[in-house]
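Residue numbers (the working numbering), protein chains in the order written: chain R, 2 to 573; chain P, 2 to 573.
Hints may contain errors.
The list cannot tell twin chains apart, which means a pair is met if one copy fits it or any two copies do.
[As the list claims (entries may be wrong)] Under the rule of at most 25 angstroms between Cα atoms (straight-line distance), these lysine-lysine pairs were calculated in the DSS-like manner: (1) 276 / 259; (2) 147 / 63; (3) 29 / 45; (4) 456 / 429; (5) 375 / 29; (6) 122 / 384; (7) 298 / 375; (8) 298 / 229; (9) 242 / 276; (10) 398 / 482; (11) 222 / 295; (12) 259 / 437; (13) 375 / 28; (14) 147 / 122; (15) 298 / 287; (16) 294 / 222; (17) 481 / 262; (18) 142 / 262.
These are calculated hints, taken from the structure and not from any lab test. Bear in mind that the values here come from a model prediction, so they are computed numbers and not experimental data.
Protein chains: 2
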Amino acid sequence: MTDHPPPLLDQLASASLTDDGPCSSIKKAQFSDRVLIRDIVTRKDGGASLAGRHVRIGGWVKTGREQGRGTFAFLEINDGSCPANLQVIVDASVSDLSPLVSTGTCVSVEGLLKVPPEGTKQKIELRVEKVLHVGTVDPAKYPIPKTKLTLEFLRDVLHLRSRTNTISAVARIRNALAFATHSFFQEHGFLYVHTPIITTSDCEGAGEMFQVTTLINDAEKLEKDLIKNPPPSEADIEAAKLLVKETGEAVAQLKVNKASKADITASVAELTKAKENFSKLEERSKLKPGIPKKDGKIDYSQDFFARQAFLTVSGQLQVETYACALSSVYTFGPTFRAEHSHTSRHLAEFWMVEPELAFADIQDDMNCAEAYVKYMCQWLLDKCLDDMQFMAKNYDKGCIDRLNLVASTPFVRITYMEAVELLLDAVKGGKKFENKVEWGIDLASEHERYLTEVKFQKPVIVYNYPKDIKAFYMKVNDDKKTVAAMDILVPKVGELIGGSQREEQYEVLRERILEMGLPLEPYEWYLDLRRYGTVKHSGFGLGFERMILFATGIDNIRDVIPFPRYPGRADL
Amino acid sequence: MTDHPPPLLDQLASASLTDDGPCSSIKKAQFSDRVLIRDIVTRKDGGASLAGRHVRIGGWVKTGREQGRGTFAFLEINDGSCPANLQVIVDASVSDLSPLVSTGTCVSVEGLLKVPPEGTKQKIELRVEKVLHVGTVDPAKYPIPKTKLTLEFLRDVLHLRSRTNTISAVARIRNALAFATHSFFQEHGFLYVHTPIITTSDCEGAGEMFQVTTLINDAEKLEKDLIKNPPPSEADIEAAKLLVKETGEAVAQLKVNKASKADITASVAELTKAKENFSKLEERSKLKPGIPKKDGKIDYSQDFFARQAFLTVSGQLQVETYACALSSVYTFGPTFRAEHSHTSRHLAEFWMVEPELAFADIQDDMNCAEAYVKYMCQWLLDKCLDDMQFMAKNYDKGCIDRLNLVASTPFVRITYMEAVELLLDAVKGGKKFENKVEWGIDLASEHERYLTEVKFQKPVIVYNYPKDIKAFYMKVNDDKKTVAAMDILVPKVGELIGGSQREEQYEVLRERILEMGLPLEPYEWYLDLRRYGTVKHSGFGLGFERMILFATGIDNIRDVIPFPRYPGRADL
Chain R
2 MTDHPPPLLD QLASASLTDD GPCSSIKKAQ FSDRVLIRDI VTRKDGGASL AGRHVRIGGW
62 VKTGREQGRG TFAFLEINDG SCPANLQVIV DASVSDLSPL VSTGTCVSVE GLLKVPPEGT
122 KQKIELRVEK VLHVGTVDPA KYPIPKTKLT LEFLRDVLHL RSRTNTISAV ARIRNALAFA
182 THSFFQEHGF LYVHTPIITT SDCEGAGEMF QVTTLINDAE KLEKDLIKNP PPSEADIEAA
242 KLLVKETGEA VAQLKVNKAS KADITASVAE LTKAKENFSK LEERSKLKPG IPKKDGKIDY
302 SQDFFARQAF LTVSGQLQVE TYACALSSVY TFGPTFRAEH SHTSRHLAEF WMVEPELAFA
362 DIQDDMNCAE AYVKYMCQWL LDKCLDDMQF MAKNYDKGCI DRLNLVASTP FVRITYMEAV
422 ELLLDAVKGG KKFENKVEWG IDLASEHERY LTEVKFQKPV IVYNYPKDIK AFYMKVNDDK
482 KTVAAMDILV PKVGELIGGS QREEQYEVLR ERILEMGLPL EPYEWYLDLR RYGTVKHSGF
542 GLGFERMILF ATGIDNIRDV IPFPRYPGRA DL
Chain P
2 MTDHPPPLLD QLASASLTDD GPCSSIKKAQ FSDRVLIRDI VTRKDGGASL AGRHVRIGGW
62 VKTGREQGRG TFAFLEINDG SCPANLQVIV DASVSDLSPL VSTGTCVSVE GLLKVPPEGT
122 KQKIELRVEK VLHVGTVDPA KYPIPKTKLT LEFLRDVLHL RSRTNTISAV ARIRNALAFA
182 THSFFQEHGF LYVHTPIITT SDCEGAGEMF QVTTLINDAE KLEKDLIKNP PPSEADIEAA
242 KLLVKETGEA VAQLKVNKAS KADITASVAE LTKAKENFSK LEERSKLKPG IPKKDGKIDY
302 SQDFFARQAF LTVSGQLQVE TYACALSSVY TFGPTFRAEH SHTSRHLAEF WMVEPELAFA
362 DIQDDMNCAE AYVKYMCQWL LDKCLDDMQF MAKNYDKGCI DRLNLVASTP FVRITYMEAV
422 ELLLDAVKGG KKFENKVEWG IDLASEHERY LTEVKFQKPV IVYNYPKDIK AFYMKVNDDK
482 KTVAAMDILV PKVGELIGGS QREEQYEVLR ERILEMGLPL EPYEWYLDLR RYGTVKHSGF
542 GLGFERMILF ATGIDNIRDV IPFPRYPGRA DL
């Protein structure tokens, strides 16, 4: 004990630790017997006012080294609660030092917070008095040693890459954007709706869907079973049939002979058994290995859902059923594309945010989308600035400026027609595009990025697209040539959001489905929303990983989702 | 205009509407030109202080009737923002009344809020001055007419059932519980991690998984293509081979004859073409219809992910990789079981909440789980009381009391051993169970419900289960017979939460995997978490739909998820 004044009472501090310094109060984690490093080092004073406090912390060694000829060790400890580390000093008298210093080692320690000697960058450090746990690392075998590793390399060690500075910063930013998303929509009275992952509807009619099935598994089980217990031969079946006949005749004979009741009963029982055996054999003889077929096609009536089922490509159509009853709703869930796409912008599994608003037109839709994107940017500036500074330093100098710009500047809004004219002006001015510019084209990525990065240098909303390049459900404008669709283009990633007012008129929607060459039957439920109590409504979709790319400046989408899935890879 | 004082300035009110009453301010929806019915009728005064205000509202007719020999109509309008309706009165001079009164009709109207005549239960009603939109309903065809419909019937009209009072109340409660979940974990510093939906790991080793594949689709495409363009015959291939030989000889001959460069070039070009054609034909001749096989087994190297892939049954193992780097994390996402289970408690697709805490033992885990469940109950009481009152009135009288009880009472905590003793005591006391009670059994539903509903009449945490009935990853206790597992049992549903401290010792975990007869290879990445920087950690899983059943008192799990998936059904 020291000669300091008595400790301050602090209910939040661990009861098991002695508070014996003239210092600030400190928050203990609630379901873990320790203090988060964030609650020490991210104070305005860098934690200096906590000097004199005893704390227990836990985390992983980022860098460690023995000093003073092995008399003590410096450890930089990170526990994931913030990007900053806590400097920890362990004396050789407290613990064997060599197991502590390898990168990746897990430690739980107790000690005294002290102000370091002048001239060091830390404002506080921990002098360890007791080492409670060491999870060692053999540096010769550790797959992610301290050396600088490329993001590409880290994709091969998905289970450990969250221990790196970059992937952990991305995890905190991703978490912040997810909660910002829920907070924004909840504040505005939207209801979160869980649209189905397994679906029997194909929203876009695009067909690039993963199939969900138990048929293959069932067929393999059957195959194994048939090898173990081969199906009966024809002779077996004939023999069983004969036995039925014979026992049947025996029963008849006994009856004719007025045999005893007991004898007849026994004989009948034998007949029943023979019949059962025969029908079982006959049933089994029909079993065929392989996936069940009917009329040359796969017999999906035998699949788990009694029909062909897929992974969803979008929750939009389904969430519309809730918007057309509860007004303002949104979905936020995983979506899937079975495209053999190897770009840095596509994943086979990714997360989408899809709000849907009743009593809302395309203008309301744009207002909502713009407010949402601004809200997310401001949220990161308010709550994740330290992680954003890490990104600015290591990946994209301009990322914080970009968030500020987007949060504070009204988005440009131009029609598709105006966008094409601006692109044509650019071509006249000498700008070269790989894809031809003319009315009717789907804007290519180079066009989108020219508009948002060069022409306006801020987010741009393009709306009223030619109907022939857009989906069947989008509302046809009065000109009959365009639809009330809108895309939000942002610097760095291009298209971030796509949305539209939905066609709410039954007849028009029906015509559009037929015009697109789609069958009516699968869309009857969707048409019902227009048949009964139809309402003007609009919505949009935001690719969640695109938003993270936009925020962080990371280049490859595989590095901003914890477990990326793409052609040839689905680790873990 | 009236002789009222000038309107209050109210930035939130719609600019297009005149504020001309001596009345309270009213909030306009931000991305929709209307006022939410919630913001009128759920005020403390029932909306009375809004009398005199002009508002625009939108919603669907719950009940409507013409009155006064067709001179006016009463409509009860609901917009999903709350369970209560707004009473709306339309004069025949304002609009044709007959298209308005059918249940399910969508209307958008403007009018004046008035205090109704004394003796009516409403505190405010809307006198319509202008009808802006009518989405009609033909009552003869409407699939969900006003009559009382069973929940079972509604499962056949998933796309419209959210228009009913029950399903919309469930949607609001579900939304509230989802946001409560995020709020709880965010407040406690947990990071939300998106674990993968498509996985190549089987968490429980149970094997009841849906397969995700593109092989069937690819095989069907190939089959169609082969019918359209039949593979080459052997004669075709022989002919192509011969052509290669002949053109090759021709080239050689030209060279021997020292022909012109142009002639030789032309001849070589022909040879190249012939070779290409031959290899293309040969390639095509190898194409076989059906799912690709290799050594008698399905060749998954040709599947999308180049290996067999499934839908996840739990995100736990994957989220542990983040807990062992970032300390406190949680996942909240869809999970899947391909079980042919037709009970009222099972779905093929359901949502799970799975927190994982580093530096936390089984006690921390129980503390976290208890705090989380209490938080959700309190949240519903604070934010969803009107919907809960609907549930209490229509489904489960005791549901609000139950929430109060759980929110305010400490959960009972007993060991498995104690639980078995209590059950044996009950048996001695004359209680009959279908399943035998003895140490080593997995508690059956009847046992769980006896403990929580009869014995304690509150939530019960049972912990330290025999290791043989629990999963391989649970921490073996010092007695070597039990594991640090815990289940939370609640009245009405039985098991709500299952969790455990995880085995963090490499050697012990490895032994457990082998003991369970599981292969090591697929778990090497999971073992790596213990090989390198291992940490004490714990977690649990809450079945989100079970929580909704518990809260609402609804009996069937198919009614508390928007789009239920079960054997034979995956509508929409």
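Each hint, compared with the structure:
no., hint, in the structure
1, 276 / 259, "within (23 angstroms within a copy, 87 angstroms between copies)"
2, 147 / 63, "within (8 angstroms within a copy, 65 angstroms between copies)"
3, 29 / 45, "within (18 angstroms within a copy, 39 angstroms between copies)"
4, 456 / 429, "within (14 angstroms within a copy, 84 angstroms between copies)"
5, 375 / 29, "between (34 angstroms within a copy, 20 angstroms between copies)"
6, 122 / 384, "within (23 angstroms within a copy, 47 angstroms between copies)"
7, 298 / 375, "neither (51 angstroms within a copy, 53 angstroms between copies)"
8, 298 / 229, "between (28 angstroms within a copy, 17 angstroms between copies)"
9, 242 / 276, "within (8 angstroms within a copy, 61 angstroms between copies)"
10, 398 / 482, "neither (43 angstroms within a copy, 57 angstroms between copies)"
11, 222 / 295, "both (20 angstroms within a copy, 18 angstroms between copies)"
12, 259 / 437, "neither (98 angstroms within a copy, 49 angstroms between copies)"
13, 375 / 28, "between (32 angstroms within a copy, 22 angstroms between copies)"
14, 147 / 122, "within (21 angstroms within a copy, 71 angstroms between copies)"
15, 298 / 287, "both (18 angstroms within a copy, 22 angstroms between copies)"
16, 294 / 222, "both (17 angstroms within a copy, 16 angstroms between copies)"
17, 481 / 262, "neither (87 angstroms within a copy, 61 angstroms between copies)"
18, 142 / 262, "neither (81 angstroms within a copy, 62 angstroms between copies)"
This entry does not satisfy hints 7, 10, 12, 17, 18, going by the numbered hints stated previously.
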